[in-house]
Amino acid sequence: MNNSMLLVSPSPHVRSNNTTQRIMLDVIIAMCPALIASVIIFGWRALAVTVLCVAVCVASEWLFEMICKRENTVADLSAVVTGMLLAFNLPVGIPLWQAAFGSIVAIVVVKQLFGGIGKNFANPAITARIVMLLSFAGSMSNFATQNDAISGATPLSLKAEEAMPSLLDLFLGKHGGSLGETCVLAILLGGAYLLIRRVITWHTPVIFIGTVFLFTWALGEDPLTHILTGGLMLGAFFMATDYSTTPPTKWGKVIFGLGCGFITVMIRVFGNYPEGVSFAILFMNILTPYISAWTRRKPFGGVKKS
Amino acid sequence: MSIFKLSGVHVKHCKHTAGQKPERMPVPQTITLPMSMHIGAPAKPVVKVGDTVKVGQLIGEAAPGLSVPIYTGVSGTVKKIDEMITATGMRVQTVMIESDGLQTISETVIPPIVDSRESFLEAIKNSGLVGLGGAGFPTIVKLGADIEKIDTLVVNGAECEPYITSDTRTMIDEGDLVAQGIALIMKYLQISNTVIGIEKNKPECVLAMKKATASLNGVDVRALPSVYPQGGEKVLIYHTLGRIVEEGKLPLDCGVIVINCTTLACIAKYILTGMPLVEKCITVDGSAIKEPKNVIAPIGARAMDLIDFCGGFSEVPRKILTGGPMMGTALADLSTPILKQTNALLAFNEKDATPPKVTPCIQCGRCTEQCPFGLSPSEISKAYKAADGAKLEKLKVNLCMECGCCSYVCPAKRNIVQRNKLAKNMLRQYQMSNKGGK
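Protein sequences, first through last, are from chains Y and B.
Note that the working numbering gives residue 184 to position 183 of the first sequence, counting from 1, and the numbers run on in steps of one.
Note that the working numbering gives residue 990 to position 121 of the second sequence, counting from 1, and the numbers run on in steps of one.
Rather than coming from a laboratory, the hints here were simulated on the basis of the structure.
Careful: at least some of the hints might be erroneous.
What the hints assert, rightly or not - BS3-like cross-link-like pairs, simulated, lysine-lysine; straight-line CA separation at most 25 Å:
1. Y:Lys70 / B:Lys1226
2. Y:Lys306 / B:Lys1251
3. Y:Lys299 / B:Lys1254
4. B:Lys1260 / Y:Lys70
5. B:Lys1226 / Y:Lys299
6. Y:Lys299 / B:Lys1290
7. Y:Lys120 / B:Lys1251
8. B:Lys874 / Y:Lys251
9. B:Lys1260 / Y:Lys120
10. B:Lys1118 / Y:Lys305
11. Y:Lys251 / B:Lys1260
12. B:Lys1226 / Y:Lys306
13. B:Lys1226 / B:Lys1263
14. B:Lys1118 / Y:Lys251
15. Y:Lys120 / B:Lys1290
16. B:Lys1263 / Y:Lys306
17. B:Lys1260 / Y:Lys306
18. Y:Lys70 / B:Lys1254
19. B:Lys1290 / B:Lys1118
20. B:Lys1263 / B:Lys1251
21. B:Lys1304 / Y:Lys305
22. B:Lys1226 / Y:Lys120
23. Y:Lys299 / B:Lys1251
24. B:Lys1290 / Y:Lys305
25. B:Lys1254 / Y:Lys306
26. Y:Lys306 / B:Lys1293
27. B:Lys1118 / B:Lys1263
28. B:Lys1304 / Y:Lys306
29. Y:Lys305 / B:Lys1226
30. Y:Lys120 / B:Lys1263
31. Y:Lys305 / B:Lys1251
32. Y:Lys299 / B:Lys1293
Computed from a prediction, not measured in an experiment: that's the story for all the values here.
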């Protein structure tokens, strides 16, 4: 018996079937309804922007890791997820070179410069969007489309005399806005898929959306309109649930959701920007290490050291 | 009974051999008895090379203090007194016996006279028994504790590891012996309550134990969810009684002792027949075994002998374990002997044994969610990497029971348990150096 063929490794010797790649693939699948909706509402350019963002994200990750002689991780599909999410945060008419710039910022600056997957403290797509908002203010607030039925302004930035789209139109996304954030139906389908596949838990999305609903209602605004607009659904299901930038425990996620909801409403109602989801998530990302420490699970049977 | 359940994982049960009655393997040509198989001082050989020995004869006498005697399960001649390195890397003395195939029983095998707690405990010590659930803690030490404190006996019939079915067969085939063992413990340790915890995936065992203990007072059979690690001592106590064993304390401090069902059956067997612990029922299974079986083998038989009895390998084995896949030890050598606490021998083919590629941690938090003891493995890893002893102490890595749930669920396939073990070492050194400094 050739003993040298025996592998000696530490326990456990059996693992679950889940892999990082599988999780990322599930997120990509969950984003497909929103992608399809964006093409229907905004036209084929929506697909072009998405494909471009994905391609530039993957390429910049691959190039960066090659230059830095790090192991190549594009196969884990996380760059694809970032590319799609970033695209969903952009207006359909964004110049392609600006979208490419945003993709490079998301992957190289926000993710890779901090150590790669799992080591970034801020959500790459959200942070890149904010960078683009500040760098390309004009194109980032230009929501004009080829489709006459879609107004050039987002619902939250409508002037007082302009009519708000009906609740059904808001739900189906037939109005101006970023590529992937308008069709609430598509996002909810994706969110349901993520919940069923146990990629995310219900805590952050429900608390985030619930807080926005209750807080806006308490302030005398229309809560339904608020939760159906401004990229809240996209942010709550796909970006406030990002693993490395949000707390790992249930209570941590609840506090995170509460904070995001609170800040979103403060910015929308009292601040200068029409929507506050991106800033709220980024701000809560920064607080995440503290929230994680406060909400750490108590070891079973642990005794406090006197 | 606790309302809240501790986290755990649903592993594939793979209890292929649960329906098979154990088969006795033919007497192996030689057995090798290590003088140290578990915690405690090694036993001292009382035989010399060339001595004739019979089944049930004392081979290694217990050293003073925490130690347990060792007996032979084959009759024959002592061939060699040697040394070996165990699967966990320890160097131990061994006694090798060449069997004559006759299996003559020693005259020293007579049922002990038990009429009091002292004589009962004396009998337990002489039986050579250790915890047969896998941990191998000397039974005499567990039972010799302060009985005033104990009010409940918890019988561990969970057998939560995949593949292993030796406890299952004990409960089905020797349920009466288990009940007798329970009765003996309850009588001599003056315990009035017993709870038998069995996982729901063994309905025949639940029925068998209910039937066997029907005539005993104060015995409750509980069917528990089949979530790993249901059989972990502290987990079992919490799920059956709702009591928490605190850090640094023993189940004794909550008034409980936990004993494996097979250990109880062996206690009864010894009191009835006088035959000490000399053989085990071992589940041999895995993707590389031709005919998976439950094998009754003498302690000291080589792993290879058991595998030959099961038809040998169906494929080239890539990994062989003693114990279950979640906590078992990988073997480097097929001539490793079966120990007192071994209850499974698993052989896996290339496909099952190839370790998955380790990728970076994505901070998903699954390890933290699934840890039955509420630890934060990802933070422990970070603190270990930073050599932060104070943080490791705060995170209480010393509570880790190395059950494997964290590594099991990790999507990045990281060796979290291994790192926890290293972190525990680091914490011990940190605490020792702190004490020394003061």
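Tested hints:
Between the alpha carbons of Y:Lys70 and B:Lys1226 the distance comes to roughly 19 Å, so the proposed pair stays at or under 25 Å and holds. Taking the CA atoms of Y:Lys306 and B:Lys1251, the gap is near 22 Å; set against the 25 Å cutoff, the hint holds. The suggested pairing of Y:Lys299 with B:Lys1254 holds, with an alpha-carbon distance near 22 Å, which does not exceed 25 Å. Distance check on the hinted pair: B:Lys1260 and Y:Lys70 sit about 32 Å apart at the alpha-carbon level, beyond 25 Å; violated.
Proposed proximity of B:Lys1226 and Y:Lys299 is contradicted: the alpha carbons are some 31 Å apart, above 25 Å. For the given pair, Y:Lys299 sits about 20 Å from B:Lys1290 by alpha-carbon distance, which is consistent with the 25 Å threshold. Between Y:Lys120 and B:Lys1251 the CA atoms are separated by roughly 11 Å; this keeps the pair inside 25 Å, and the hint holds. Distance restraint check for B:Lys874 and Y:Lys251: the Cα-Cα separation of roughly 16 Å lies within the 25 Å cut-off, and the hinted pair is therefore satisfied.
Taking the CA atoms of B:Lys1260 and Y:Lys120, the gap is about 19 Å. The hint holds against a cut of 25 Å. Distance hint between B:Lys1118 and Y:Lys305 is fulfilled; the C-alpha atoms sit about 14 Å from each other, no more than 25 Å. With a C-alpha separation of about 22 Å, the suggested pair Y:Lys251 and B:Lys1260 falls inside the 25 Å cut-off, and the hint holds. A C-alpha spacing of about 39 Å is found between B:Lys1226 and Y:Lys306, which places the hinted pair above 25 Å, so the restraint is violated.
Straight-line distance between C-alpha atoms of B:Lys1226 and B:Lys1263 comes to about 31 Å, which puts the hinted pair past the 25 Å bound. Of the pairs offered as hints, the one joining B:Lys1118 and Y:Lys251 is violated, with about 29 Å between alpha carbons and a cut-off of 25 Å exceeded. Between Y:Lys120 and B:Lys1290, the direct Cα distance comes to roughly 24 Å. Compliance with the 25 Å bound is thereby established for this hinted pair. Between B:Lys1263 and Y:Lys306 the CA atoms are separated by roughly 9 Å; this keeps the pair inside 25 Å, and the hint holds.
Distance check on the hinted pair: B:Lys1260 and Y:Lys306 sit about 13 Å apart at the alpha-carbon level, within 25 Å; holds. Our distance criterion of 25 Å between C-alpha atoms is met by Y:Lys70 and B:Lys1254, whose separation comes to about 22 Å. Distance restraint check for B:Lys1290 and B:Lys1118: the Cα-Cα separation of roughly 20 Å lies within the 25 Å cut-off, and the hinted pair is therefore satisfied. Pair hint B:Lys1263 plus B:Lys1251 holds up; C-alpha atoms about 13 Å apart against a cutoff of 25 Å.
A C-alpha spacing of about 18 Å is found between B:Lys1304 and Y:Lys305, which places the hinted pair at or below 25 Å, so the restraint holds. A C-alpha spacing of about 19 Å is found between B:Lys1226 and Y:Lys120, which places the hinted pair at or below 25 Å, so the restraint holds. A distance of roughly 18 Å separates the Cα atoms of Y:Lys299 and B:Lys1251; the hinted pair therefore holds under the 25 Å criterion. The suggested pairing of B:Lys1290 with Y:Lys305 holds, with an alpha-carbon distance near 22 Å, which does not exceed 25 Å.
For the hint pairing B:Lys1254 with Y:Lys306, the CA-to-CA distance comes to about 23 Å; that is within 25 Å, so the pair holds. The suggested pairing of Y:Lys306 with B:Lys1293 holds, with an alpha-carbon distance near 17 Å, which does not exceed 25 Å. With a C-alpha separation of about 18 Å, the suggested pair B:Lys1118 and B:Lys1263 falls inside the 25 Å cut-off, and the hint holds. Restraint check: the Cα-Cα separation between B:Lys1304 and Y:Lys306 comes to about 15 Å, which is no more than 25 Å; the hinted pair holds.
At roughly 38 Å between alpha-carbon atoms, Y:Lys305 and B:Lys1226 are farther apart than 25 Å, so this suggested pair is violated. As the CA atoms of Y:Lys120 and B:Lys1263 are separated by approximately 23 Å, the hinted pair is consistent with the 25 Å bound. Distance restraint check for Y:Lys305 and B:Lys1251: the Cα-Cα separation of roughly 22 Å lies within the 25 Å cut-off, and the hinted pair is therefore satisfied. Between the alpha carbons of Y:Lys299 and B:Lys1293 the distance comes to roughly 18 Å, so the proposed pair stays at or under 25 Å and holds.
When held up to the earlier numbered hints, the structure conflicts with 4, 5, 12, 13, 14, 29 and fits the remainder.
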